[in-house]
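Undergrad: What follows is the residue order along each chain.
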Amino acid sequence: MGVLVKKVELSWLDRTYVWPVMKGMAITFEHFIKQLFTPTSKRYTIQYPDMKKEIPEGYRGLHELKRFEDGAIKCVACFMCQEACPARCISIEAEEFSDLNITQGFEEKRPAIFKIDMLRCIYCGMCEEACPKDAIWLRKEYEVAAYDRLSMQYGKWDLMNTYAQADGKDRISQDPTPSVPRRTIVM
Amino acid sequence: MDKLASMLHMTPAIFWMVAKVVIVFSAIMLLASVWTWVERRGSAMIQDRIGPNRAAIFGKIRLIGLSQLLADGIKFFFKEDLVPDDANKGLFWLAPFLAFVPALIGFAVIPFGKSFVSGGVTYHLSVLDPGNGMGLLYPMAIGGMAVYGVLLAAWSSNNKWSILGGMRASAAMVSYEIGMSLAVVSIFMTTGGYDPADVIKAQGHLPWAWNIVRQPLGFIVFFTCMYAETNRLPFDFAEGESEIVAGFNTEYGSMKFSLLALAEYSHLMTASALVATLFFGGWQVPFVQNPTVMLSVASFLLKMLFFAWVFVWVRWTLPRFRYDQLMHLGWKVMLPMSMVNLVFHAWRMSQGH
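If you're matching them up, the sequences are chains A and B in order.
In this text, residue positions in the first sequence follow my numbering: the first is 1, and each later residue adds one.
In this text, residue positions in the second sequence follow my numbering: the first is 1001, and each later residue adds one.
You can trust all of the hints, since none of them are fake.
Mimicking DSS-like on lysine-lysine, the simulated pairs with C-alpha atoms at most 25 Å apart in a straight line are:
#, chain 1, residue 1, chain 2, residue 2
1, B, LYS1201, B, LYS1020
2, A, LYS140, A, LYS42
3, A, LYS52, B, LYS1060
4, A, LYS42, A, LYS52
5, A, LYS74, A, LYS115
6, A, LYS52, A, LYS169
7, B, LYS1003, B, LYS1020
8, B, LYS1332, A, LYS7
9, A, LYS42, B, LYS1060
For the record, the hints were derived by calculation from the structure and aren't laboratory data.
Model, not experiment: these values are computed from the prediction.
Same shape as in the complex, but just chain B:
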């Protein structure tokens, strides 16, 4: 690796950093685009349909519908890039990036595998090394940034329906953030630190010591709020075909639209990685004390993809909430529940557990 680094006129440390950034973010983007396929095929299977399976490369290679991704990509790429006359042009261009970037960079602190030592140097498998001082506060803060993407996309379109969708989506995101943060705070409290490496280490390799067992109430709150955070069903208030056309992305087309769609799925990936890290022991392999690096990465990927699948699964099972029901659930159920969770764990810690 040193050789490769010197060939590229980089120090090994920088090379490792660049490699991590490229691999992690391209993997997330790839998974996000593959997840559009999973969503469509999965929903089809759930509803006893078949789903997209006819797109074919050279009219032959169908790849169980995966070529649909390519077809969609090409189609989006060659569509006319329309900007409405009365739109705020600058913000209109900026909004997809503001939606996409926070969804992606929230992943930066999450360790996706066990750290390993090679040639006297410790390599950490997360884009930002542990002990960076931000820890899991960072994805929370970045998650808050995602409101800007939705709201700016809605506002800059200069369209009533867009702004309605954007407003209520951002209201939902902001109000659910509190319950979610409190659920995370009680994890920080019992862990004694907010670095993801600490959180994972504190959970250990035994499944009954993971936070899902220790704090089931916190898990329910966090998991529910995650859906509101990522604007997924049953809380997808940014959209709503029957009420507000397509919601915040009504005026968007071509690559800008596809970037907004990709942002949703990247957000989903980051959220499921967060759930896996906080409540399911991150890269820990159940019942294996010292897993190999590859095994730990596989374990993390499996957990993350499972929760990403749960996102899809829930979407095609549950009906949507009404807006007042959403607010009721957020403020009157989720917030008190996470407060009870916090106080309960504080009390337990005071009793010396």
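Only chain A is shown next, with the shape it has when bound in the complex:
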């Protein structure tokens, strides 16, 4: 397979080289003037710490573990997300709360430990898709950074509170005792 060389016939004006140069200079000057009189907020450059990009819908950022209105975790520790995770960054330990059992309409199982290693996470969103309870969401927060590795291990309470401030909710640090059944079980 040979390389196809495209020969372009130049007019005498183009072959002088002076005219094309002046055309090019006009283009760059137009850009210069346009940029000079554009206010900073309307330029292409987003000056990051001062300005932030508008995050599109469907963006996969930092995770949130969703909660019910009384503050109980939606997650039922089914391990689906852990199985689905291609980066294997999720580790869950389940616990039962036996005295509030399924006959009363409460969830029977919840995670005691729900850990995501943010250094390993690739933000693919597979956990969100796998979740049968819609309990894990990847939302718009993207500034995930820390000074050491340990603080990049997000625990259950970190994950439940990631968007608490943005949504105007309280930060929670313990499981509430459910008082109302979440669903009616017909036995």
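Based on these hints, arrange chain B on the given structure of chain A.
TA: Frame of chain A, contents of chain B only:
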């Protein structure tokens, strides 16, 4: 002024000379360093970017990015001054100065304003008074010296890439010098003298009597060759990141590097002053018969800074030439063109124009 001169134990003539030297060369150096900022911001604007604007004095005063100059200066000053083991140490130290000094002193003969009479003494606004016998041959000769800076910097580094860059840059500079000199010679011919004051006087204050209109071909040749002379794009053969690392200044760091960079911009300033003097009537103000001194200085500065800006503008518009294209352009296009220009004007003069 006499009082100030006697306070410093100098005659007024010497005082005036010293004042001129200090003011002119510090102005050029200042403009050169400011032009690094213009280059960066200007290129950013041309490419729809913003450019350096975050450096701030005391974390507050940003001065639309001008504090970046200060930050760069401080950084260069405190960098380790490395000299490679196998470098030719003497020449390695000497080369930045050899690049910087010719770039600066080429400005000496160029009048940057109208001469004026004060107290029976005529003051000329150029470092060397007109009638010094060197005239505009001097910046040409000094421009030839600039080859030494590049070549010595390259040679003394003892680095293949440096020497490649230095060799081809000096080849380009030498070959473009001929075309440039011939373009200048035809100006000398029509002027009847090579003193910059004569050249400016011959052009007069009307823009259509300037050499740009009289000798457009000469202007094109001179202007093109100026870029090769100063090693600016599209002919920047001293450098070339994709081919020869950083070119002639690969081994340079800290203040020596900054001196080489400053030399480039000083050269640019001198070159644009030369273009303004030769082809755009120097300090002449368009349509003003007898401008005041301040007006003439402002006019000259405006012209000079415009051409300095054109240097930046061209750099961010045109792609680079290949080396053989450069040589082709220099020897087969620019040289014949300037010869045609010379012969044409000689013929016109013989016809009594």
